[in-house]
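Asker: What follows is the residue order along each chain.
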Amino acid sequence: MKYDHILIRYGEMTLKSRNRKIFIDALRKRLNRALEGMDVHIKTTRDRAYIVLGDEDAYAVIGKLKLISGILSVSPVVRIEKTEAAMKETALEFTADFDADRTFKIEVKRADKTFPMETHDIQGMIGAHVLGNTDDLTVNVRQPDYKITAEIRREAVYMYYDTIKCLGGLPLGTGGKGLLMLSGGIDSPVAGLDVMKKGVEIEAVHFHSPPYTSPEATEKVKKLIDIMTERTGYDIKLHIVPFTELQTTLYDRIPDNLSMTSTRRVMLKIAERLAGTTGAEAVINGENLGQVASQTLTSMYAINEVTTLPVLRPLLTLEKNDIVNMAKQFGTYETSILPYEDCCTIFKPKSPKTKPSLEKVRKFEERVDFEPLIEKALAGIETYIPNGQDEDEAFEDLL
Amino acid sequence: MHYFDNAATTKPYAEVLHTFNKVNENYYFNTASIHQAGRDSAKLLEASRKQVLQLFSLPNYTCVFTSGATESNNIAIQGTLERKKRFGRTILVSQIEHPSVINIVDHYGGEGFNVEFIRTTGEGRVDVGHLESLLNEDVVLVAVMAVNNIVGSVQPVEEIKDALMNYPKVHFHVDATQAVGKAAIDYRGVDSLSISAHKFHGVKGAGALMLKEGKSSGQIHFGGGHEYDIRSGTVNLPAVAAMAKALRLTLEDMDDDLARIEGYNHSLRSELDGLESIVIQPSDVPHIINLSFTGAKGEVVVNALSEKNVMVSTTSACASKRAASNETLTAMNRSPEVIDGSIRISMSRETETENVEVLISALKEVYEEIGDVLR
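The listed protein sequences derive, respectively, from chains C and R. Mind the numbering: the first sequence is residues 1 to 399 in UniProt numbering, read in order. Mind the numbering: the second sequence is residues 1 to 375 in UniProt numbering, read in order.
In isolation and in its complexed conformation, chain R is listed as follows (with noise of 0.2 Å):
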């Protein structure tokens, strides 16, 4: 099996699943529980904790884990709104989030606020003039994701920190699930921060988000107290201590990894470049290629590619199943044909040049096959 759908998720590490199990084995305890094992756990616990926020260079932040960005993300955002309601009712967010941020922030717009999408560029960047010309007193959140997950684009979020610089009463929120180990941004003085471990080669249902110092989130969660009562329930402390496992792993080699993937990033586009009807579109990250059959639908070569054993993806697969188009490349003002045409190649350090040639002359074969279609 040739997997290109990484954007998606990620096998764990075998070093990730060593730690899971250990974990499960030895440190099963609840975190809150005060006898010697329950301690232990929670060393555990907090020792994961740090090396998050180390990795991150945010030794001050808040780190609640969660299971996953889905959920920090509505934490985040609805807690934010829930505690700003008073002060203000705008929100200003990208025209390219992940429906677990579009969702909540309509969510919202329904419940009297007041919703601003932030313009895109031909790049799939947020157009940060844009949103200096929409701030006004009554901003309360800004959501910008840090690496779009349909195209690549990397966003520009330290120009937005310095545009909200005078704006103290906005929340700057940053969905950072498809940014780690792809893209070193500075996140420091950002509001809060979503991760995924799933995302990066860790486990499944395991989450992050990070809270800048003395910001409290609106509670939206009720329960036992556990995670600064901000994530109420048992911590999924085998999936945390992995997920801090699968981060450091992930950063330490980066630099290497990248050098790698741009590689093999090449020779995808100069292999299919010069092709008719291929439309690629331009990407920051070398993970992630959005490419177009312009004339055949994007599921077509999805479902040709997988009976050759080749795995990509249409658009988000959380979304793929609904028959939406897809908005980051309507945002960007792609044509219908070259949106319903696309298709997601996503890569990962696991990612090897054997995969890369057998989807090359696999896409060149498919490229043959439904040739009569293509325009």
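Excised from the complex, chain C in its bound form (with noise of 0.2 Å):
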């Protein structure tokens, strides 16, 4: 079938009022980019949104559109003559992709008041040729597996039955930026990945330690930077903090079962410096309550202490295996659990404290002067740009 445009239903913007605007032209922006070099027309309106398909394939600019968000969901759109042969023909082609055995219901929208049926009896005429013509479907009006509905307008008549979800939410662009702490686990990306859906834009930080960390580690989570930029359509900057010195120090200086927190504590001072040069205004990490020491309820009491920044952490409440599943949909699962050592299993204490007492923690800290070696590690820090073609450069005379 030869579907002549896209119906794009927007996702929670359609709650705003006056600003509606704002998110309609962020969203068209996503729009034009994720569609660049395909044949097809965007046009937006208050309320919903069309693709004008040229000589693309419906499912393919569909495929595309899965990917943004503010789009709550999609359906291809058939246009017709205004015609009673031709919506009973459309209507019965449409059945062609039923499964056996289901419910329909036909749906007409007259917005040309000069046709001259009468809406319930378009619908019944449609209705009735597709139950004369196929054998296992029968009608439901209250709750059909298929809907099919045909709008009836001044120029043509516009049909269609798929309605696919898509990931809903806000378009980017619309919800200020985060800064994404991104060990190059399954959970992180996950967490930047859902905070994005919100609109937010995000920049990411990483801690690497060499020459405890291997390079393959800090290659790791380029990749995963990549695949999520790939995913979303937008440049996510990189930040490569070298953290060895101040790792080895917390390594010497702080009780086995305490450095663990403290070792996050300095982190998150860092992503708070970080946050200001970048202008982000939040920090996002993937802790999941309980999962591990550093994430329990006194764990994040002790190490939020040092900043006033939200600390954003959408998988808080999440089943591990959801979040598996998460990571797996985004596609960064399988980079996810690359076996290398990162700095968190190398200093890794043999038992840290679930409730970690703030007022030890600091303590020891008063003992060490941590702000020249953060002072350095802000200052070696090294950011990645996803997609760098750099590297693929260097191989074009060979490749």
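You can take every hint at face value.
Listed below are the simulated DMTMM-like cross-link pairs for lysine to aspartate or glutamate, each with C-alpha atoms no more than 20 Å apart in a straight line:
1. LYS50(R) x GLU396(C)
2. LYS50(R) x GLU216(C)
3. LYS161(R) x ASP97(C)
4. LYS177(C) x ASP235(C)
5. LYS66(C) x ASP47(C)
6. LYS50(R) x ASP226(C)
7. LYS43(R) x GLU396(C)
8. LYS223(C) x GLU213(R)
9. LYS237(C) x GLU382(C)
10. LYS43(R) x GLU334(C)
11. LYS50(R) x ASP397(C)
12. LYS220(C) x GLU46(R)
13. LYS161(R) x ASP57(C)
14. LYS43(R) x GLU219(C)
15. LYS328(C) x ASP194(C)
16. LYS43(R) x ASP226(C)
17. LYS50(R) x GLU334(C)
18. LYS223(C) x ASP40(R)
19. LYS22(R) x GLU396(C)
20. LYS64(C) x GLU213(R)
21. LYS223(C) x GLU201(C)
22. LYS222(C) x GLU334(C)
23. LYS50(R) x GLU230(C)
24. LYS223(C) x GLU382(C)
25. LYS84(R) x ASP106(R)
26. LYS223(C) x GLU46(R)
27. LYS50(R) x GLU219(C)
28. LYS43(R) x GLU216(C)
29. LYS222(C) x ASP40(R)
30. LYS43(R) x ASP397(C)
31. LYS220(C) x ASP40(R)
32. LYS22(R) x ASP397(C)
33. LYS212(R) x GLU334(C)
34. LYS328(C) x GLU213(R)
35. LYS222(C) x GLU46(R)
Among the chain C residues that face chain R by a calculated CB cut under 8 Å, a handful are:
36. PRO215
37. PHE395
38. LEU398
39. LEU399
Don't read these hints as lab results, they were simulated from the structure. All of these numbers come straight from a predicted model, not from anything done at the bench. Every residue, glycine too, gets a C-beta built ideally from N, C-alpha and C.
Reassemble the complex: the two chains are provided individually, in unrelated frames, and hints are given to aid placement.
Answerer: Structure below.
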């Protein structure tokens, strides 16, 4: 079936009234970028948007729309002549895609009031035609498995039946900016993508401690950034902080069972300063309540104390299984489980406290002057821009 | 020398040899070593992998580098059957596959698998209707090549994909060895795909097996864990990078080359058309012409041409030292005289007008010389 356009239903931005235009403009930008180079035309209105299809396959375009936040659902729509025969035939063609023994309903929106038949009669006419020409479909007007919609307008009739659920949320770029703490594990990329769904742009920070952490571990984080960038169509910057000196100092000077808490505190301090220079208004992490010692409520209390920035923890109460499924769906899982040592695994204390005392942590930290080391770490940050072609270019002559 | 045996192997492009030499000089390291030199080599390996997958429009597939298509076919088929034997034991395979597919399948036929051959049409194409009639819940593997090596018929890969849509248990393996640069086929959705570098102007000893995302291959190779643990053994990076380059060059110029070779094919056919006892098989790609001197032995024609410095082949070179008659032509229901008298002429981008002119007059001379035995 050759579809004429795709109908886009907006997500939560329909709840906005006065500033809705800002959200629609942002969505339009994302659509433009996602569909760049395709033979389509984008039309946005206050209530819905349309992608007018040139020579493109509707479902190929929908594949791209499914990754854009701010879209609730989409339907491929066919434009037909304003005749009874065309409506009946199109409805019947739709049913070829239906599973056996299902129910359906016909919905008619008669926007063109000059059309000679009444809404109810048109519904009856199409429904009777479908019933008469199929064996296993029945009508159910309350909870149909399939709903065939015909919109009768001045210029033509538009019909569709397939509604594909999309990401929902808000268009990227309407929710400010956050700084994602990206370790390279399963949780943090999911946390970042989840917050982005609400329109928040992100930059990411990763701590590495060469030679204790391998270059592969850093490469893996870059790869995660590439995957997230490709998925969202938004270039996520990655700031890589040299953490070796701080790590070894913490290891020497803080008792083993509190070192993890202090390490997290120092990382959060660095993230806070970095947020200041990048314009981020929150820190985002993949913490999940009770998952490990640093993620108990008491630990969060002790760690969070170093900053007044909001710390967003979108995965806080999810089941690990659900997080894994999200990671698989986002395409980050396979990369996240690559077995490279990160700083957490190498300097991991034998028995970290699940209930660290803030008072004790402060007492030990007071004996060390971390400030110059923090300054040095911030000065040594290297920033990675995703999908940089520099490496491939090095091989250009060879490949 | 006038070379018309490009379906057996091709001449590496000069640019490809440049890559092969440069990589041997500068990136001879083991891609699994964790030192900087090893990591740089691994980056080149990954860049090669990415390029190969992108050129096939299969960016999310897993690409395993192998020594060539014979090995790729072995890994794909043996791995699949080992993994799937619990779920079913029927294999559907076309009659016209390469020995590196047929012989594995034969072997498994002796191990309790049920092997069914999919019929071939008179044009040398797999009969999809017959394939559909053979499908049932016990089928776990369908193996069909993309382009036939004997007559150059293009197989209905896309139709077969559709036919298998409702059989999720079936693994669809495509041997695309002869297809690269000859036919534009949409491979997206096939479960595994084999290619071999030396068939498209790469160097010998490199090939690839591309596996659909999420498809693991059962292990038939044990070793140090290179190439996703599917094909252990230090990676032949110079040949692999050279393959990635050969693939790019071949596909970039494919349309121009096709048009030119189409012209050669046309002049060959029109020059020989009408000569009594000469039978030319239909072909979908212009590169391959299967031609019979009915009544003569193909081998005699090959030798006679070889004396005139023109290199052609009887059946596929890999098997032509064996006397077995040709499976593809048999499957196409050709007469024994046509099969025995058949030669294969295969062209490539390196073939030039002058070569074709020499070939045509050599064929005509041979036709006169052995005219007495022709029927």
